[in-house]
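Here the protein sequences come in this chain order: A and B. Each residue of the first sequence is one higher than the one before, starting from 1018 at the first, in our numbering. Each residue of the second sequence is one higher than the one before, starting from 1018 at the first, in our numbering.
None of these hints come from the bench; they were simulated from the model. Hints may be right or wrong, so weigh each one.
If several chains are the same, the list does not tell them apart, and a pair holds so long as it fits within one copy or across any two.
Claimed, not checked - With a straight-line Cα cutoff of 25 angstroms, these simulated DMTMM-like cross-link-like pairs (lysine to aspartate or glutamate) come out: (1) K1145 with D1089; (2) K1456 with E1097; (3) K1048 with D1445; (4) K1364 with D1220; (5) K1364 with E1215; (6) K1048 with E1067; (7) K1372 with D1399; (8) K1048 with D1089; (9) K1354 with D1305.
All values derive from a computational prediction rather than experimental measurement.
Residue strings, one per chain:
Protein chains: 2
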Amino acid sequence: MTSRRAFIQQTAWAGVGLSLLSASNVFATAKEKVRLGFIGVGLRGQNHLELALKRTDVDVVALCDIQQRMMDAALQLVKESGKPSPQIILEGNYGYRKLLERKDIDAVIISTPWEWHTVQCLDAMNAKKWVGCEVITGMTVDECWQLVDTSEKTGMPLMMLENVCYRRDVMAVLNMVRQNLFGELIHLQGGYQHDLREVKFNDGQKPYGGGAEFGAKGFSEAQWRTQHSVVRNGDLYPTHGIGPIAMMANINRGNRFTRLSSFASKARGLHEHVVNVGGKDHPNTKIDFKLGDVVTTMISAANGETFLLQHDTNLPRPYSLGFRVQGSKGIWMDVNKSMYIEGQSAKPHQWEEAKAWLEKYDHPLWKKYGSDASGAGHGGMDWFVLNAFVESVKRNVTPPQDVYDAVTWSAITPLSETSIAQGGTAVDFPDFTRGKWEKRKNEFALDDRY
Amino acid sequence: MTSRRAFIQQTAWAGVGLSLLSASNVFATAKEKVRLGFIGVGLRGQNHLELALKRTDVDVVALCDIQQRMMDAALQLVKESGKPSPQIILEGNYGYRKLLERKDIDAVIISTPWEWHTVQCLDAMNAKKWVGCEVITGMTVDECWQLVDTSEKTGMPLMMLENVCYRRDVMAVLNMVRQNLFGELIHLQGGYQHDLREVKFNDGQKPYGGGAEFGAKGFSEAQWRTQHSVVRNGDLYPTHGIGPIAMMANINRGNRFTRLSSFASKARGLHEHVVNVGGKDHPNTKIDFKLGDVVTTMISAANGETFLLQHDTNLPRPYSLGFRVQGSKGIWMDVNKSMYIEGQSAKPHQWEEAKAWLEKYDHPLWKKYGSDASGAGHGGMDWFVLNAFVESVKRNVTPPQDVYDAVTWSAITPLSETSIAQGGTAVDFPDFTRGKWEKRKNEFALDDRY
């Protein structure tokens, strides 16, 4: 019983040399600076903007949004940075196309509502821009295919800015996976378990809480994100959970997802929240939210691993992405901050604190850039994901998370919707690489470059 | 949006009065002593025997097994107890039928290999014995139906001796569920995550480890349990995980399971273990174990809850039944020993230690009998499950876990096998109550009686 995965793992590491070789080729055409445009400078876009403004290898040349309030906040960040004023585009939903017309822009960062991602990514690639897009790239399987087809046709890379792949503990565990501490990977878990009730409802002034409003009467994410909970039932936000474990299991690189089944619980949390915050006569108490409070998804992979994802955003609960990485020699879980490695952990059948393991296997990227990332959003991981995108553009290399990852991770949402609508029926997972997964190599975070 | 569950919950508590009333009726026919026969006195049967011998309300009148070594150990227990010597039956696989012929036996405790449970339960009920059977009652859906039909036809109750329903923390959480601390239940998890490699393989002398033998060359559970991992792929041991959470969600009592889907990972753990322990040339290295190392199962329920079960017995990992009980107001998880109850926990979005909650809501049964149970197997819960069976026989009342629970929990195995064999297809869950679930009341552990 040979281990196909171990083989792939070795070749992935062996690929470092190859990758350095190709890197030296592209350095001939490498840029020193990236000229960036921002499509969407709401709260998330402002996070990216602030990090970009701190970089000496980025020029922020244009900002686009549809709301004066958000643009004012973004311009304040520019002012504080002392950098030159960018072009300001405030011309409604399709104003971003004006930004894309500028030939001097290399790349765009898209941080808009999910439903705008596909069209904006497509337009940007067709305009020959590199695309760094916030998570959820493709709300339907058809949109996912459009993104793949357009990236392949135009030759323009799309990187989904999935930051959790760069979380410090996650990268240490990736390091452990690659050094075979867990043996052959068997089962992996992740999810998005985050009480978003005060994100989905607010008072129309503050971004978080204080009211039971959403849509036109809400502010920030409540303006658009909540509507997805009204009309859709599926794992609406799979990428933070699946991205890191997909990378560990070499999905799209010698492995691929094959089948998926999802179950959704009843929907109670959002209604109860509206009643509690807005009162029993609030108009939003009449809404029948379709999104089940807890959505559970199982996925199988070509190399025999199973994946479990949980989406849980409507109930009172502490935050947890629920990671579990389990192989033939050991297991890590983040909810109890624990590790067990056979033959190495102090006592058989006993958890030990993960802390010492995570420090010992701290990833080279974090060792090198941890101080640069310090203070950046979400514990520093936001710095790494933007850095990876900027470095990819500069070096003219495919981003470490590419278009196939972007759509594979995002497609979990529509696939889970289909499965749930069909009573949990298992559905086939599309192969967005069209067979290329068999020979592709994993180059994500192979060393300390980006 | 009224809560059907809250209604059922209230009526379940209201049912206490009714239950006392019927109890007073049956006291007319209550027995002071139960005359018990033991079918199977291997290691598990010896646990039950030892507890039975300590009771003043039980006479142990016959023991049956197929192995002299196990019988000798059982008789040593009898001797140490100072109780009268029981009849000894050592007459091969069907010797138990001789035990069932005795008219003076009220009830039997069955602790034999899984594959013998159904026929022995059927024979015992047909012989008009109360049946307390170790877990897994019915290895196929057809066997489950046979058990239901025979119990209904003969009027003889079958209680599966699922001890984890009586675990102290589980009962405290059940108490919290009934006092509405979690609000309306939304999602529940459990499982059997226990590294059984040294149970499945031993040296033929010791029950645990020391070799790579099983079947005819193994000893104790390895003689029969391991073979299930050779030929079956499914959640082979669902009852410890599902029993407690099914009771909390009133399954078969105002609620029922509706659909199930299972995914299995690849199988690596047992082969690697045989190689590590027996060497790469050991004959058992040639076996192709069918059981996936991690089997994940989702189940939906009529009242809209979702359930997640995990079976994980082939890999190095710390023991955990992986319980999670989540409602509209709070969540408990056992792997991180944590609780969060909205508005009551100290800090929003922060776990707190479950300990104080579990002590505060310690179940009345544990308060009353905790000292009796002290020292009994599996942290005391073995005492409670035997006590519940003996008390049910004495009072002539349906056991708190009845034949419908026994087969509903056990049927998860064959249903998961079917689902996995069909690529994760969701399958319908049979209604073993034939509609009675709608009106049945939950009488499990309603007070401090049994």
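Item to check | Homo-oligomer pair classification [D1089, K1145; C-alpha up to 25 angstroms] | outcome: The answer is neither: 28 angstroms in one copy and 82 angstroms across copies each exceed 25 angstroms.
Checklist entry - For K1354 vs D1305, is the C-alpha pair at or below 25 angstroms within one copy, between two copies, both, or neither? => result neither (37 angstroms within a copy, 35 angstroms between copies)
Next on the checklist: For K1048 and E1067, with the copy left unspecified, which applies at a CA distance of at most 25 angstroms: within, between, both, or neither?
Outcome noted: Only inside one copy: K1048 and E1067 sit 21 angstroms apart there, 79 angstroms across copies, limit 25 angstroms.
Next on the checklist: For K1048 and D1445, with the copy left unspecified, which applies at a CA distance of at most 25 angstroms: within, between, both, or neither?
Outcome noted: For K1048 and D1445, neither the intra-copy (41 angstroms) nor the inter-copy (59 angstroms) Cα distance is at most 25 angstroms.
Item to check | Up to 25 angstroms CA-CA - D1399 versus K1372, copy category | outcome: within (22 angstroms within a copy, 36 angstroms between copies)
Checklist entry - What label fits K1456 with E1097 when the C-alpha limit is 25 angstroms: within, between, both, or neither? => result Neither: 47 angstroms inside a copy, 68 angstroms across copies.
Next on the checklist: With identical chains, the pair K1364 and D1220 could be close in the same copy or across copies; at 25 angstroms between alpha carbons, which is it: within, between, both, or neither?
Outcome noted: Only across copies: K1364 and D1220 sit 23 angstroms apart there, 52 angstroms inside one copy, limit 25 angstroms.
Checklist entry - Can you tell me if K1048 and D1089 fall within 25 angstroms by alpha carbon in one copy, between copies, both or neither? => result neither (31 angstroms within a copy, 82 angstroms between copies)
Checklist entry - How do K1364 and E1215 come out at 25 angstroms by Cα distance, when the copy is not named: within, between, both, or neither? => result Classified as between: cross-chain Cα gap 16 angstroms, same-chain 43 angstroms, threshold 25 angstroms.
In this structure, the earlier hints numbered 1, 2, 3, 8, 9 are contradicted, and the remaining ones agree with it.
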